[in-house]
Amino acid sequence: MRYLPKSPAERQEMLAAIGVKSIDELFSSIPERFRLRNALNIPGPYSEAEVIQYFKERAGENSNGYTSFLGAGIYNHLRSVVTDAIIQRGEFLTSYTPYQAEITQGTLQAIFEFQTLMCQLTGQEVANASMYDGSTATTEAVLMAERLTGRQRVLVARSVHPEYRDVLRTYAKNSGLRVEEIPFSASGTVDAKALQSALKNKDDVAAVVVQSPNFFGVIESQTPLAEAAHASSAMYVVAITEGVSLGLIRPPVEADIVAMEGQSFGLAPSYGGPFAGVIACKEKYVRQMPGRLTGQTTDSEGRRGFVLTLATREQHIRREKATSNICTNQALCALAATVHLTLLGKEGLREMAEQNLSKAEFALAELLKIPGVRRAFDAPFFNEFAVEFPRSVKILNSQLLREKIIGPLALGTPYPELTKHALVCVTETTPRAEIERFAAALKKALEQPV
Amino acid sequence: MAYPKNYRYSKEHEWIEVKGDLATIGITDYAQHELGDVVFAELPKPGARIETGKSFGTVESVKAVSEIYAPASGEVIEANGELHNTPEKINTDPHGAAWLIKVRLTNAAELNGLMDAAAYEAYIAEKAKETSA
Amino acid sequence: MTDRIKKAARHTNQNEGLIFEKSSPGKRAFELPPLDVPAADPAKSLGSHFRRGGVKGFPEVSEIEVIRHFTRLSTWNYAIDLGMYPLGSCTMKYNPRVNEFVARLDGIATEHPYQPQELSQGCLKILRLLEKCLLEITGMDAITLQPAAGAQGEMTGLLLIRAYLERQGNARKKVLIPDSAHGTNPATAVIAGYEVENIKSESHGQIDVEKLRELVTEDVAALMITNPSTLGIFEQRIPEIAEILHAKGALLYMDGANMNALAGVTRPGDLGVDVMHLNLHKTFSTPHGGGGPGAGPVAMKKILEPFRPVPILVEKEGGRLALEPMRPNSIGRVKAFSGNFGVLVRALAYILAYGPGVRQATEDAVLNANYIRKGLQGVFDLPYSLPSMHEVVFSDALQKKNGVNTMDIAKRLIDYGFHPYTTAFPLIVPGALMIEPTESESKEECDLFIDAMKSIAEEAATEPEIVKTAPHTTRVRRLDEVGAARKPILRWKPAIPRREAAD
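Protein chains in written order, with the working numbering: chain A, 1 to 450; chain B, 451 to 583; chain C, 584 to 1086.
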């Protein structure tokens, strides 16, 4: 086997050195009757060429050749080949968590830079070394608010990503958290009145959770929502699924905790992961923050260096009293995000964000030319917007598929009241010609008799 | 470091200095030594109730967290805010400037269960023997 | 001194500051294609949400500077690609390059989980085949690939147990955890809503079965064990342990962190385990990447199947695969979308490369650990003498006499060109040296490691200072962790606030 560096003779020498006759003797502590006698029934062994062949065949059974208008938490953005070249360096790829600081300064400094970039983006004072993804980061932000406030009621906007809310519910079930949902208004934003009344005269809310741009692509007005939360001493938690928006949109400085998905920063959609979640917050809350943190320090000769710090929050020390049971961050994904954002830089990120906005506005205008298509919400949006069709989205989408177009997300499944609504996403990677082709195909589909 | 004669000591290595129904509580020199360089202390807010034998806060070194157990019951009047910026005082002056909390005692009789300085010194000498054995 | 060090030599490496310190307005490392639609006016479209000029403080550098910056940083890391990385319980094995290649293929990396399932059959087939392989290796009945890492797998496993017991009428109160367990186990039990009760190991480091018999009551939901234990020892009485639990209606959870000792040799499902997680980044070679990403699938017996997280992968007529979003008894979602798919792809690529030969990898891993044990026995104290599986745990008891502890020895190992072993874990061994070579090490590399460890033991006896002040050859010496924790500096700030047009 090509991955194993021993010849049969070497194995024999080693067995002899140990003082056993056969490899089976080394497994003598496993009761005989439980030892497998037959070979495992799994395919292989495959040569490298066969492994590649297998996955190329599978890739061919997917969506190659289609143009997609899906977003909803996972976005297609330009990615420089430089990012992959860097993260495939063995020194980054095949290194462990940087517990031995003297020989992991590369990873540590990169994480420190990641933390800095995340602070700059979100307008917060500290950011951790990353979490699993946006959904778990949002849940961990809520658990953090629970620890900080000692309260267990959580108000979550219905315009937060449905799967993020699902994950929160799973975690809440056994921790005593009571999750309530706040409806959205006719303009697609959080229903401020409903929020006010849920908070009214009650000092029992740990966190108000809002997403912006929200699941409908709509940008929330943070200030009044934060003020409402703070008036009841609740923490104001902001989730962000589309980080590129921060190239143009004011960061949520009002937030006590920000939970962000980093996928938009150089990570491929990869059918849902791996990505990198981020938690950022005000400095005073850092000791209740979950996840790893890198800090700057000096060595015994006064040189700048970096270490994992404030580790006493973590499970390997605090065991059952830890802030979270998570031991990993998504270091390699966070590194990809760091390289990507460094490449983009200040101007590149701004330009990318502007292109997203421009393309989305263009797409909306094209779609609104089609008779019967309506804009669903009138609040400002970034690169996603909801439209209402005169017909079922599912039927229209199956017609679009024939034109090699993966149509917008049908909102009817997560929001039963929105059966004719669809969420359209356009990024800088969607060519104008494809937007026009999509609009034309949609028009044609709507012109056909039902 | 000397163990003040006017303090009383718990088996969990806290000291308590009592003046009327008011008391000051800290950790002992032995405890700070065992813990190593202290980097953070988490203390209760004024108004919090503490109860004999129950944890009221934590002291942290880089790689360990230790609970601090109340040597007596009472209500917290003040926590030592200085320690937030200078946790190292717990290492340098545990019996003085690095007091942790001041409390109003609710059951002075509990103090009878604590050791005086001589008994505590004998107690930690015994501990030291155990660990070196 | 240097002639003792056979594996490593010193060489120059580059200094490098923080990327923010290289920034100068107007430099660029990335250009977008020109916009092909009319440009929007952000101030008009976004109104008060608009932020002018970009993100304050963001770097402005050129492409070559980015390449050099991160390449220089990379050279400051140790890695499996450089040499043996014997971190106990972390299974730092070779991460095959072809796995990286296939995970990046068009049609694999490019897929969106919300695209129609008829256009995702390739992704779903990958998930299906990986499920089948992992079920065969573990001897279990059902599986979920959703959890993002081992810790989340643990939580998922406990939530499954909880859901099952609730269905039986009583979720119960406690989870039993041996004192040798990894700290994640108790942290997870609490998140699943259980109290933790620790069980002390008996004198050979095994679970005290008689004690367990007393502890297992109707209040106990499960026992979480690691097998082989964190001492690298197989729990020989595991079938009996399972029986004790089952007799009282409790379940047996196995932390699969050490599956690299068992794959292809024995199956947890056959041993009586009800539910377990696998760390694909350990046993199945997906790269650790400096601390993630990983994946933590959970395999289970039939009784737990109805409670699996949604969506559930199912086979329809004609072999078509589908993800079903709803199940009445599901514990819900533990993560958005369909798991860490890219990690799952790499794990399957690894399994396919070995096929049934996975057993050979396991045998070589156990062979290496025992070879190192034999080579270092007598040089270092071996606190538990039962047979070692894939890792061996020594203690620093002999070196302690000269004031040298496990951390010192670990740091000195760096000078010898190796990554340290795991220090000070498991907690039941004071001053532990936990060594897991994995199957990826040649006899030559194992011999070099044994020589290095012997040489350090010699140094500890004759010139302990050199060990206590190690490492001597790294870019930075021991770092001030106390200062870092007392006055945390967690992000870069400009020395003098620069005037910027932005904000």
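By construction, these hints were calculated from the structure, which means they are not laboratory data. Virtual Cβ for every residue (Gly too), placed ideally from N, Cα, C. Mixed in with the good hints there might be a few duds.
[Claimed, not checked] Straight-line distance between alpha carbons at most 30 Å, and here's what the computed DSSO-like set of lysine-lysine pairs gives:
#1 B:Lys513 <-> C:Lys783
#2 C:Lys708 <-> A:Lys394
#3 B:Lys577 <-> C:Lys1051
#4 B:Lys513 <-> C:Lys708
#5 B:Lys577 <-> C:Lys984
#6 C:Lys831 <-> C:Lys899
#7 B:Lys579 <-> C:Lys783
[Unchecked claim] Okay, the calculated beta carbon distance ranges per label pair:
#8 C:Lys899 <-> A:Ala440: 48 to 58 Å
#9 A:Gly65 <-> C:Lys899: 20 to 30 Å
#10 A:His230 <-> B:His534: 18 to 28 Å
#11 A:Asn201 <-> C:Pro911: 29 to 39 Å
#12 A:Ser47 <-> C:Ala830: 46 to 56 Å
#13 A:Lys200 <-> B:Lys495: 24 to 34 Å
#14 B:Thr556 <-> A:Lys202: 28 to 38 Å
#15 C:Asp619 <-> A:Gln448: 43 to 53 Å
#16 A:Pro449 <-> C:Pro911: 34 to 44 Å
#17 A:Ala440 <-> C:Val897: 28 to 38 Å
#18 C:Glu1048 <-> B:Arg499: 24 to 34 Å
Determine which of the earlier numbered hints do not hold for this structure and return their numbers in increasing order.
4, 6, 8, 15 and 18
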